[in-house]
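With chain A held as given, fit chain B onto it using these hints.
There are 2 protein chains.
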Amino acid sequence: MLVLNPSFIVTMDRECRIIKDGFIGIEEGKIVYVSKEKPQEYEEIIRLPKRVLLPGFINTHTHVAMTILRGLKDDVNLQRWLMEYILPVEKLLKPKDVYYGALYGIAEMIKSGTTTFMDMYYHEIEVAKAAADAKIRSVLTYGLADVFFNTLPEEEFKKAEKFKDDLSALVSSRGLDDFLFFAYGPHSPYGCTKELLQIVREAADRDNFRIHIHLSETKSEVENSVRTSNMTPIEYLESVGFLKSDVMAAHVVWPTDGDIEILKHRGVHVLHNPTSNLKLASGVAPVPKFLEKGINVALATDGPASNNRLDMWKEISLAALIHKGISRDPEVISARTALQMATINGAYALGLERKIGSLEVGKYADFVVVNLERALESVPFHDVYSMIVYALDSRYIDSVWINGELMYSQENVLKTIDVQKLREIVNDIRIRLTQEAGIKTPSEV
Amino acid sequence: MLVLNPSFIVTMDRECRIIKDGFIGIEEGKIVYVSKEKPQEYEEIIRLPKRVLLPGFINTHTHVAMTILRGLKDDVNLQRWLMEYILPVEKLLKPKDVYYGALYGIAEMIKSGTTTFMDMYYHEIEVAKAAADAKIRSVLTYGLADVFFNTLPEEEFKKAEKFKDDLSALVSSRGLDDFLFFAYGPHSPYGCTKELLQIVREAADRDNFRIHIHLSETKSEVENSVRTSNMTPIEYLESVGFLKSDVMAAHVVWPTDGDIEILKHRGVHVLHNPTSNLKLASGVAPVPKFLEKGINVALATDGPASNNRLDMWKEISLAALIHKGISRDPEVISARTALQMATINGAYALGLERKIGSLEVGKYADFVVVNLERALESVPFHDVYSMIVYALDSRYIDSVWINGELMYSQENVLKTIDVQKLREIVNDIRIRLTQEAGIKTPSEV
Chain A
1 MLVLNPSFIV TMDRECRIIK DGFIGIEEGK IVYVSKEKPQ EYEEIIRLPK
51 RVLLPGFINT HTHVAMTILR GLKDDVNLQR WLMEYILPVE KLLKPKDVYY
101 GALYGIAEMI KSGTTTFMDM YYHEIEVAKA AADAKIRSVL TYGLADVFFN
151 TLPEEEFKKA EKFKDDLSAL VSSRGLDDFL FFAYGPHSPY GCTKELLQIV
201 REAADRDNFR IHIHLSETKS EVENSVRTSN MTPIEYLESV GFLKSDVMAA
251 HVVWPTDGDI EILKHRGVHV LHNPTSNLKL ASGVAPVPKF LEKGINVALA
301 TDGPASNNRL DMWKEISLAA LIHKGISRDP EVISARTALQ MATINGAYAL
351 GLERKIGSLE VGKYADFVVV NLERALESVP FHDVYSMIVY ALDSRYIDSV
401 WINGELMYSQ ENVLKTIDVQ KLREIVNDIR IRLTQEAGIK TPSEV
Chain B
1 MLVLNPSFIV TMDRECRIIK DGFIGIEEGK IVYVSKEKPQ EYEEIIRLPK
51 RVLLPGFINT HTHVAMTILR GLKDDVNLQR WLMEYILPVE KLLKPKDVYY
101 GALYGIAEMI KSGTTTFMDM YYHEIEVAKA AADAKIRSVL TYGLADVFFN
151 TLPEEEFKKA EKFKDDLSAL VSSRGLDDFL FFAYGPHSPY GCTKELLQIV
201 REAADRDNFR IHIHLSETKS EVENSVRTSN MTPIEYLESV GFLKSDVMAA
251 HVVWPTDGDI EILKHRGVHV LHNPTSNLKL ASGVAPVPKF LEKGINVALA
301 TDGPASNNRL DMWKEISLAA LIHKGISRDP EVISARTALQ MATINGAYAL
351 GLERKIGSLE VGKYADFVVV NLERALESVP FHDVYSMIVY ALDSRYIDSV
401 WINGELMYSQ ENVLKTIDVQ KLREIVNDIR IRLTQEAGIK TPSEV
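In order, the protein sequences belong to chains A and B. All letters in the first sequence, in the order written, are residues 1 to 445 by our numbering. All letters in the second sequence, in the order written, are residues 1 to 445 by our numbering.
Isolated chain A, as found in the complex (with noise of 0.2 angstroms):
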């Protein structure tokens, strides 16, 4: 047993303890001993003076492809980001771009403390593999959408359950099985057909797999649906049996008291996205009315297309600030409830509760170590979750652990992912790919 000894260890389990110069202790990938007494046995121990170990952040909605499309085009409206960029580009995306794409995301996200991630994306297959080679954990989902794409709906799903057959063999034959996890994705309720969804439903009764879903994302979708079906997106849901408590729902910036009664009677996660849901000015979801309601609400980036960033401390800041001066109660949405939502509500969203999202005996050593010696906002120190949210970043991170290997350290290094060359190769992409659709980007003109 290896065994690590900070000066907090931020366990956010059921009691949220904060144990100070406690001992943790790794073996085989898990979490084996968390105390404050030292061990008796061990092979090393590791001292840690003034570190702070957090559980590994949970980011519960991305497309992480989509680094390739970063910056692009900001600050304008969603109807012609998407249509005159976003769209335009992505028609051109190849596997391999694809692949390149998520792996660069995902080195942001190991460097910034995220060790598992659920994604939704096309050629889904290529984000598999790049999370594979990255040994991040990952949540994977097939974007399906026979509307968009005018396909039927049994065509539509075939994609969903080839892409559950490939990435079955991409488990087996890495022996993955405790890294990458299959999810569907219909898109949403906008994109799919009631046949559709229906279809995934079943499936997901049937084999027990989880839905990945983008929900009331904006008032236009809202609105939409009431005129074209006199119901919510949550209600139009609720009507034809897909909301159950494996749906993890990403946005509901715009429910209304009702749906919010639905989410709550069927036990629906929220997939909280602040400041995608500012960028796009889709609006601020009422957070606080969830967790009064007792709903499950986790946190993530959405893709760094509309972030522009894969960090998720950033998104734990923004939420504990944002709630407070919309509602305008200081009290609402605390520090601590901020990292409950990035860790242990994320893992309870995708269902990995038991694996993931606290610092327990028995689940994996996913964790971050946080370097307060490097931090001026450190000092003065009165509390750890203050400190942490308010005050610190993940610049301050010195290394991040995953299944309990070193994955990144300060000194600035990947253990899995060789960054230098797959700059070039991204931005070699974004060439190619702004040529081929006649985009000029600003810094061309």
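Don't take each hint at face value.
Claimed, not checked - Interface residues of chain B toward chain A, partial, derived using beta-carbon atoms under 10 angstroms:
#: 1; residue: 69
#: 2; residue: 73
#: 3; residue: 74
#: 4; residue: 76
#: 5; residue: 105
#: 6; residue: 153
#: 7; residue: 241
#: 8; residue: 321
#: 9; residue: 329
#: 10; residue: 332
#: 11; residue: 373
#: 12; residue: 379
#: 13; residue: 380
#: 14; residue: 394
#: 15; residue: 422
#: 16; residue: 427
To be verified - In silico DSS-like pairs for lysine-lysine, Cα to Cα no more than 25 angstroms straight-line:
#: 17; chain 1: A; residue 1: 219; chain 2: B; residue 2: 289
#: 18; chain 1: A; residue 1: 135; chain 2: A; residue 2: 194
#: 19; chain 1: A; residue 1: 91; chain 2: A; residue 2: 36
#: 20; chain 1: B; residue 1: 20; chain 2: A; residue 2: 440
#: 21; chain 1: B; residue 1: 50; chain 2: A; residue 2: 73
#: 22; chain 1: A; residue 1: 94; chain 2: A; residue 2: 440
#: 23; chain 1: B; residue 1: 440; chain 2: A; residue 2: 36
#: 24; chain 1: A; residue 1: 158; chain 2: A; residue 2: 96
#: 25; chain 1: A; residue 1: 355; chain 2: A; residue 2: 164
#: 26; chain 1: B; residue 1: 50; chain 2: A; residue 2: 20
#: 27; chain 1: B; residue 1: 219; chain 2: B; residue 2: 73
#: 28; chain 1: A; residue 1: 440; chain 2: B; residue 2: 36
No wet-lab data here; the hints were simulated from the structure. For clarity, every value in this text was computed on a predicted model and none was experimentally measured. Glycine included, C-beta positions come from ideal geometry on N, C-alpha and C.
Just chain B now, with coordinates in the frame of chain A:
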């Protein structure tokens, strides 16, 4: 002439020119050359490939010595925060505490790219000494509040007069005419009597110094004002002849449409503090409306007890995000506008637009060098403003220059401040203060 040759010079001049692979020449603390062309004569050219040069940030509103109170208590309502925590501890602050707290905060500001700040506090001469020792540019204001301190207006005003004299002596003895600037600092319409406000107004008219004031920060401030005077705080200041174009008003979260007309008409400058306004649950200032009317809006961090950082880059990013989400318009406050608010608009607010705020010949050589190679998020690269505001942050600052001198370099060395020693001093102060005040902070419970 020392010449720097970075990949991009982001001038923030009137045309917002970005000069690719350009040259900027420095002599005797000033910018003497800015061009795409290599100068004919020079002492030395420092090539800065993959580096971006930005004007130093201008933090227009802070109480920098409050680093000492950072994290003392968060996530409680303003009344409890102020009455049970901040005020009891502030009463115990000695002049030397203010000096060290200010110096520590100045270290944070320089590291994160701020080259000029405006402060309001008491024992303000200690803040001035810290700024003088650090050689950062600053506008210093002694917080006057005869209502809070139950003093006579004339008596209270003497604090400002004394501070002005002390500052003037400090400036003379240290030769810091270009660094330290005086302004008046009546705390707020509710913290000052009408008499005090009028004394300040007359003095400002007479001696041509500017006025720094908190204004319409919270909804209850406005409601109280309407209840007692039947006027909003802005209408009230207008009624006593206080508002002119030398007034720098911090916050302005709750102006009426009529108030905005008054601010516009009088040329008042607004100092926007997005993080603080969210964290203290004050709300979100209607910045898009201000800009639409042509009111000058600058950016600020507010004090480190209500932020809890002094990092202007964070405010730039937040300012560009939050107003999009609130107004549901993604075209509001572009990345470029947010950067203007932190640079040239700040210079206009402080009345220093001929000296700082942009990279132009004749201005002080205050600037920041950003290293794109260290940032994963700088790839792919499409647009300089978008990259800076949405994808990067202050961790990628390689160096900070004030008055043509290298004040901070990537090797983590601050030229004028011994941070290691200062950390211990600040920590000792907080131990003494919390013990004296009998406050148990969470980490000790």
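Hint by hint, here is what the structure shows:
The restraint placing residue 69 of chain B at the interface with chain A holds, with a minimum CB-CB distance near 8 angstroms, inside the 10 angstroms limit. The interface hint given for residue 73 of chain B is met, as the beta carbon of that residue sits about 8 angstroms from the closest beta carbon of chain A, less than 10 angstroms. Because the closest C-beta pair between residue 74 of chain B and chain A is about 5 angstroms apart, less than 10 angstroms, the hint holds. Because the smallest distance between the Cβ of residue 76 of chain B and any Cβ of chain A comes to about 6 angstroms, under 10 angstroms, the interface hint for this residue holds.
Here the hint on residue 105 of chain B is kept, as its CB sits about 9 angstroms from the closest CB of chain A, short of 10 angstroms. The beta carbon of residue 153 of chain B comes no nearer than 33 angstroms to any beta carbon in chain A, farther than 10 angstroms, and the hint placing it at the interface is violated. For residue 241 of chain B, the suggested interface contact is broken, since its CB lies about 32 angstroms from the closest CB of chain A, more than 10 angstroms. Taken as an interface hint, residue 321 of chain B checks out: its beta carbon lies about 4 angstroms from the nearest beta carbon of chain A, inside 10 angstroms.
For residue 329 of chain B, the shortest C-beta to C-beta distance to chain A is roughly 6 angstroms, which falls under 10 angstroms, so the interface hint holds. Of the supplied interface hints, the one on residue 332 of chain B holds, with its beta-carbon coming within about 8 angstroms of a beta-carbon of chain A, less than 10 angstroms. This hint holds: residue 373 of chain B has a C-beta 9 angstroms from the nearest C-beta of chain A, less than the 10 angstroms allowed. The interface hint given for residue 379 of chain B is met, as the beta carbon of that residue sits about 5 angstroms from the closest beta carbon of chain A, less than 10 angstroms.
With a cut of 10 angstroms, the hint placing residue 380 of chain B at the interface with chain A holds, because the nearest CB-to-CB distance is about 4 angstroms. Taken as an interface hint, residue 394 of chain B checks out: its beta carbon lies about 8 angstroms from the nearest beta carbon of chain A, inside 10 angstroms. Using the Cβ-Cβ criterion of 10 angstroms, the hint placing residue 422 of chain B at the interface with chain A is satisfied: the shortest such distance is roughly 9 angstroms. Here the hint on residue 427 of chain B is kept, as its CB sits about 6 angstroms from the closest CB of chain A, short of 10 angstroms.
A distance of roughly 22 angstroms separates the Cα atoms of residue 219 of chain A and residue 289 of chain B; the hinted pair therefore holds under the 25 angstroms criterion. Distance hint between residue 135 of chain A and residue 194 of chain A is unfulfilled; the C-alpha atoms sit about 36 angstroms from each other, more than 25 angstroms. Distance hint between residue 91 of chain A and residue 36 of chain A is unfulfilled; the C-alpha atoms sit about 54 angstroms from each other, more than 25 angstroms. Only pairs whose Cα atoms come within 25 angstroms are accepted, and residue 20 of chain B paired with residue 440 of chain A is accepted, the gap being roughly 16 angstroms.
Restraint check: the Cα-Cα separation between residue 50 of chain B and residue 73 of chain A comes to about 21 angstroms, which is no more than 25 angstroms; the hinted pair holds. Only pairs whose Cα atoms come within 25 angstroms are accepted, and residue 94 of chain A paired with residue 440 of chain A is accepted, the gap being roughly 20 angstroms. A C-alpha spacing of about 22 angstroms is found between residue 440 of chain B and residue 36 of chain A, which places the hinted pair at or below 25 angstroms, so the restraint holds. Restraint check: the Cα-Cα separation between residue 158 of chain A and residue 96 of chain A comes to about 21 angstroms, which is no more than 25 angstroms; the hinted pair holds.
A distance of roughly 21 angstroms separates the Cα atoms of residue 355 of chain A and residue 164 of chain A; the hinted pair therefore holds under the 25 angstroms criterion. About 43 angstroms separates the Cα atoms of residue 50 of chain B and residue 20 of chain A, which puts this hinted pair outside 25 angstroms; it is violated. With a CA separation close to 22 angstroms, the supplied pair residue 219 of chain B and residue 73 of chain B stays within the 25 angstroms bound. A C-alpha spacing of about 22 angstroms is found between residue 440 of chain A and residue 36 of chain B, which places the hinted pair at or below 25 angstroms, so the restraint holds.
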